[in-house]
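*Asks:* Chains as they are written, first to last, in the working numbering: chain A, 1 to 497; chain B, 1 to 491.
Among the hints, a few may not be true.
Cut-off 20 Å, straight-line C-alpha distance, at most; resulting in silico cross-link-like pairs (SDA-like, lysine to any residue) [as the list claims (entries may be wrong)]:
#1 B:380 to B:474
#2 A:139 to B:186
#3 A:163 to B:34
#4 A:86 to B:94
#5 A:482 to B:61
#6 A:482 to A:493
#7 A:86 to B:78
#8 B:188 to A:493
#9 A:139 to B:163
#10 A:163 to B:38
#11 B:401 to B:362
#12 A:163 to B:33
#13 B:46 to A:444
#14 A:86 to B:34
#15 A:482 to B:48
#16 A:139 to B:164
#17 A:86 to B:471
#18 A:139 to B:484
#19 A:489 to B:86
#20 A:482 to B:96
#21 A:86 to B:90
#22 B:51 to A:485
#23 B:46 to A:86
#24 A:86 to B:86
#25 A:139 to B:35
#26 A:168 to A:191
#27 B:123 to B:112
#28 A:482 to B:54
#29 B:51 to A:435
#30 A:86 to B:96
#31 B:46 to A:425
#32 A:86 to B:48
Treat the hints as calculated values from the structure; they're not laboratory data.
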Amino acid sequence: MKDPQIDSNEGAIDLSHHLSTEARDRVANPLKDILRVISECPSDPHHSIYPFRQITYEVPSVLDTSDPVTSWRNNSGLAQIIRSYKDQECALSIRDAFPAETVITDFTNLIFTPPNHHVTLTLGNSDGITKVFRLFGEKGDHFLTDEFSFPSMTNSPLAYGVKWVGIKMDSGGIIPEELEKVLIKWDEAKSGRRPHVLYIIPVHITYIIRVGQNPTGSTLSVDRRKKIYAIAQTWDLIIIEDDPYYFLQYDTPQTNSTPADPDEFIKNFRSTLIPTFLSMDVDGRVLRIDTFSKVLAPGMRLGWITSNELFHLKLADYTDSSTQPPHAFGQMFVTEMLSEHGWKTEGFCRWLKSLCMDYQRRRDFLLDVFKREVESTGYASVNCPQAGMFVWIEVFFEKHPRFVRGGEFGGSPVVARTNTGQLLEELFERLMNTQGVVFIPSSTFAIPENPLWVESDGHVPLSDRTRFLRATFGGTEDIIEKGMIRLGKGLRDFFQN
Amino acid sequence: MVFLPSITPATSAADAGLKRNRLDYSRHLSAEARVRLPNPIKSIWKAAQVKAGTINMGNGDPHHTLYPICEMNFVVPSIDEHDPVQSWRSSTGEQNIIASYKDDPCTLSLRTAFAYGAGAGLKEVRDALANLNDRIHSPPNHTVSLSLGNADALTKCFRLLGDPGDSFLCEEFTFSAMTNAALPLGIKWVPIRMDNNGLVPSDLERILSNWDEATQGKRPHVLYTIPCSQNPTGSTLSLERRQQIYQIAHKWDIIILEDDPYFFLQYDLGVSQSTIQQYGYTRAMADVLPRSFLSMDYDGRVMRLDSFSKIVAPGMRLGWKLDMLTDSSSQHPHGMGQAFIAELLGSDGWGVDGFMKWVSSLCNEYQRRRDLFMDVFQQKVAISGFASAEVPQSGMFVWIKINLEHHARFSSSQTPTVTGANLMDELFRKLLECGLVMMPASTFAIVDGTGTTGSHINDRVNFFRATFVGTDETIRDGLAIFGRTLEEFFI
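Given these sequences and hints, build the entire structure.
*Replies:* Shown next, in the form of structure tokens:
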């Protein structure tokens with residue numbers, strides 16, 4: 001088994017001062033310490049009495065067609081059988097089913113080329129992120145994130161006393177200069193310890209602020225990523241890169257031919273992907289969170305964190321003291337799938353590329369139907385995302401008969417001056433209950449503002465800017481079409497109230 | 001899986017009488033648990049499920065047509081064999097294939113298994129397990145939710161119930177991997193004395209009634225216990241002790257965390273053949289299995305943790321939940337495991353009764369190994385007088401006592417506590433060198449930090465935990481090494 005780590009300790013710095021008290025106090029599982037000496041855990045049932053000796057998975061063949069996803073959906077392609085065995089040879093035997101880390105490490109090194117990092121398995125991104133939060137956060141801490149973020153995750157450390165600071169965004173995502181401003185202006189006497197963690201979802205909120213007439217929206221550019229990394233170095237920040245939609249990137253230049261040579265294919269594929277924070281992480285301050293949820297299935301409950309060695313060891317200890325490693329079934333499947341018997345890394349990249357094309361077609365389909373059914377009402381517009389699974393529909397609440405604008409003078413810079421928030425909630429509920437279509441209102445993603453770090457001149461309160469509905473194009477064309485028709489109808493009802 | 005006391009009141013008249021002592025569970029929650037917000041996206045997802053025909057364009061769920069698995073087959077033993085475990089081990093029996101499909105009917109479709117779900121786990125699986133546990137425990141009024149195994153369930157309970165500075169109660173020898181997990185959370189452990197039969201109820205009572213909040217902090221409100229095949233001592237709590245402990249918990253308002261992964265591995269049960277023939281395996285096993293704390297839980301103060309780790313396979317990672325904490329952290333258990341269990345327990349698989357037949361066959365197999373272990377132990381080890389052990393009634397562990405009084409250094413020592421601990425350490429290392437791993441008692445010992453016990457636990461660490469889960473060969477070879485090494489050690 002080749003050593004999966006590129007051995008170069010240059011640039012790696014000591015970041016242990018970022019660890020929470022809990023993480024520092026955590027001791028390794030004493031039993032696992034003793035058992036590192038021997039190969040079989042003495043209190044595990046013997047494999048001869050596991051009531052399964054073979055598992056078979058029927059999966060798409062990624063070799064017989066250039067578009068395996070479409071063939072799979074149409075039932076027109078070939079299938080492939082991969083197997084896990086207990087008593088015969090395979091990539092990860094049922095007897096040993098734990099270390100899928102090897103194949104995932106290989107994949108990570110190939111695609112992300114991190115300078116010097118280690119892989120820790122997780123049960124998906126939610127698990128990965130919440131573990132990482134616990135690693136660094138304690139009561140009184142402030143963490144940084146985009147002003148529109150992902151409260152499914154940001155809510156969790158609130159329970160143990162971590163607070164969030166939202167950084168201003170524009171159509172290109174988080175604004176590096178705004179990030180720096182917050183850090184420069186931070187007053188530790190008033191607000192406590194300066195923030196030391198930045199949680200970023202580079203592909204999610206791709207457009208929330210209209211700038212001029214061209215709401216194309218984009219994922220965080222390379223230039224911004226470099227600037228943010230430099231700021232992180234200056235101010236000693238940990239960067240948590242949460243990237244479940246990374247592989248769904250659109251409008252990338254297509255070469256005319258699909259290389260048959262596996263290494264060429266992987267190289268080509270990589271060149272279409274935007275560089276990650278991980279790939280530029282010379283200090284070891286980035287923890288990147290990846291998952292199979294969006295590219296295999298959510299129920300896989302399998303993902304991985306790539307980080308420096310110290311954080312990897314701490315995460316491994318925490319995993320041993322809590323969830324335990326991910327389930328054997330998932331590890332076996334992924335290992336076989338990435339192995340010689342399955343798709344191999346190159347085949348998995350073919351699947352990913354094909355998935356990308358499929359989602360791009362659906363995106364374009366939604367935009368077409370939207371134009372016909374919704375834009376025509378004059379009450380909403382939509383962006384054209386370059387990545388991910390979502391569009392953001394902007395609703396022109398100012399056209400509503402009950403729209404109210406007031407309180408222009410004085411007052412707190414964060415208090416709403418319009419009733420956008422209420423109208424948005426009302427629209428959301430009407431669409432769900434009357435039209436039978438569900439979108440997520442952008443208020444769900446807003447990180448509450450605190451006047452302490454908001455400049456009052458020219459600042460438009462967040463509540464006045466949350467005028468969006470998030471819609472996915474992950475469903476079938478039938479669902480998308482029906483959904484847009486219901487939206488159009490619902491908007492007309494709502495505005496003509 | 002875990003049983004949680006139900007928060008919604010039961011509606012049947014039969015339960016009305018049981019509701020007299022309904023516990024207000026909420027005051028046991030940690031500060032963190034009290035302020036925890038629900039996952040807002042999950043909340044919307046749940047709301048979208050309510051009305052049929054609702055189109056959900058809110059959540060980032062890949063469509064099932066894009067899941068790259070359309071069928072999974074599992075080759076499992078046929079449950080029609082008379083002794084399925086034996087037939088499986090010797091490869092002499094029939095095998096069955098159970099299947100999960102994405103696009104064809106089965107018990108739990110892969111469309112559902114591979115999608116996002118609520119933290120509690122999928123209905124098909126929860127229902128099957130609730131059925132099983134109703135028939136075994138008849139819990140007064142509890143809800144089943146799935147977990148990722150007992151370690152996950154337990155550590156989530158610690159976060160749910162414990163604030164920094166809290167003291168929790170546990171057996172003085174316990175599964176330290178778990179108790180250690182609570183330490184970084186600021187939880188302290190208060191050990192309860194044990195004897196050959198497990199946790200001593202009168203010591204539990206003594207600790208609680210002598211507790212002085214002024215000097216010791218908040219009185220403990222949680223008891224962590226492993227009632228069957230206690231880890232590491234291998235003892236099983238009798239019915240009388242369980243009832244006494246429950247009474248004490250009732251009196252002092254204690255939550256009982258019943259960690260029971262070895263519950264289904266019970267020996268010398270005398271399962272009735274005629275009951276099997278008339279009513280099936282589930283009823284026959286239910287008749288002879290121990291009464292759990294859950295089964296007597298009229299107050300709703302027991303959180304029971306069950307696991308497939310010891311009766312199916314450790315990598316299953318399937319067991320409990322806590323709705324809000326799970327939805328905001330590890331999410332629901334993995335689809336493959338749920339699909340497998342659903343099919344296994346479903347009508348095309350073994351069914352619940354077939355599963356209990358597998359369990360009873362497993363019990364026979366482990367009992368055989370236990371008997372082999374005790375026989376060889378008698379011949380190769382106990383005969384010297386340097387060590388002794390009681391016969392365990394359940395589970396996987398034998399708690400071997402080392403009679404240190406035979407050692408010259410011990411009997412002549414002025415500081416026997418220290419010498420004893422050192423000798424045990426030496427013996428452990430000597431055994432390792434000779435190629436045998438047995439877990440020393442010190443690994444599991446809870447040192448009393450709150451001044452509640454009279455003596456230091458190092459007075460009682462002259463034990464090893466051994467298991468009989470290996471092959472017959474490893475049992476024989478291992479005990480031979482043990483016997484020889486002991487001789488060398490004591491002479």
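*Asks:* Indicate, hint by hint, whether the structure satisfies it.
*Replies:* Here is what the structure says about each hint:
no.: 1; hint: B:380 to B:474; in the structure: holds (14 Å)
no.: 2; hint: A:139 to B:186; in the structure: holds (13 Å)
no.: 3; hint: A:163 to B:34; in the structure: holds (17 Å)
no.: 4; hint: A:86 to B:94; in the structure: holds (17 Å)
no.: 5; hint: A:482 to B:61; in the structure: holds (17 Å)
no.: 6; hint: A:482 to A:493; in the structure: holds (17 Å)
no.: 7; hint: A:86 to B:78; in the structure: holds (17 Å)
no.: 8; hint: B:188 to A:493; in the structure: violated (60 Å)
no.: 9; hint: A:139 to B:163; in the structure: holds (13 Å)
no.: 10; hint: A:163 to B:38; in the structure: holds (16 Å)
no.: 11; hint: B:401 to B:362; in the structure: violated (27 Å)
no.: 12; hint: A:163 to B:33; in the structure: holds (16 Å)
no.: 13; hint: B:46 to A:444; in the structure: holds (15 Å)
no.: 14; hint: A:86 to B:34; in the structure: violated (45 Å)
no.: 15; hint: A:482 to B:48; in the structure: holds (16 Å)
no.: 16; hint: A:139 to B:164; in the structure: holds (12 Å)
no.: 17; hint: A:86 to B:471; in the structure: holds (16 Å)
no.: 18; hint: A:139 to B:484; in the structure: violated (55 Å)
no.: 19; hint: A:489 to B:86; in the structure: violated (65 Å)
no.: 20; hint: A:482 to B:96; in the structure: violated (44 Å)
no.: 21; hint: A:86 to B:90; in the structure: holds (14 Å)
no.: 22; hint: B:51 to A:485; in the structure: holds (19 Å)
no.: 23; hint: B:46 to A:86; in the structure: violated (39 Å)
no.: 24; hint: A:86 to B:86; in the structure: holds (17 Å)
no.: 25; hint: A:139 to B:35; in the structure: holds (13 Å)
no.: 26; hint: A:168 to A:191; in the structure: holds (19 Å)
no.: 27; hint: B:123 to B:112; in the structure: holds (10 Å)
no.: 28; hint: A:482 to B:54; in the structure: holds (10 Å)
no.: 29; hint: B:51 to A:435; in the structure: holds (11 Å)
no.: 30; hint: A:86 to B:96; in the structure: holds (16 Å)
no.: 31; hint: B:46 to A:425; in the structure: holds (17 Å)
no.: 32; hint: A:86 to B:48; in the structure: violated (42 Å)
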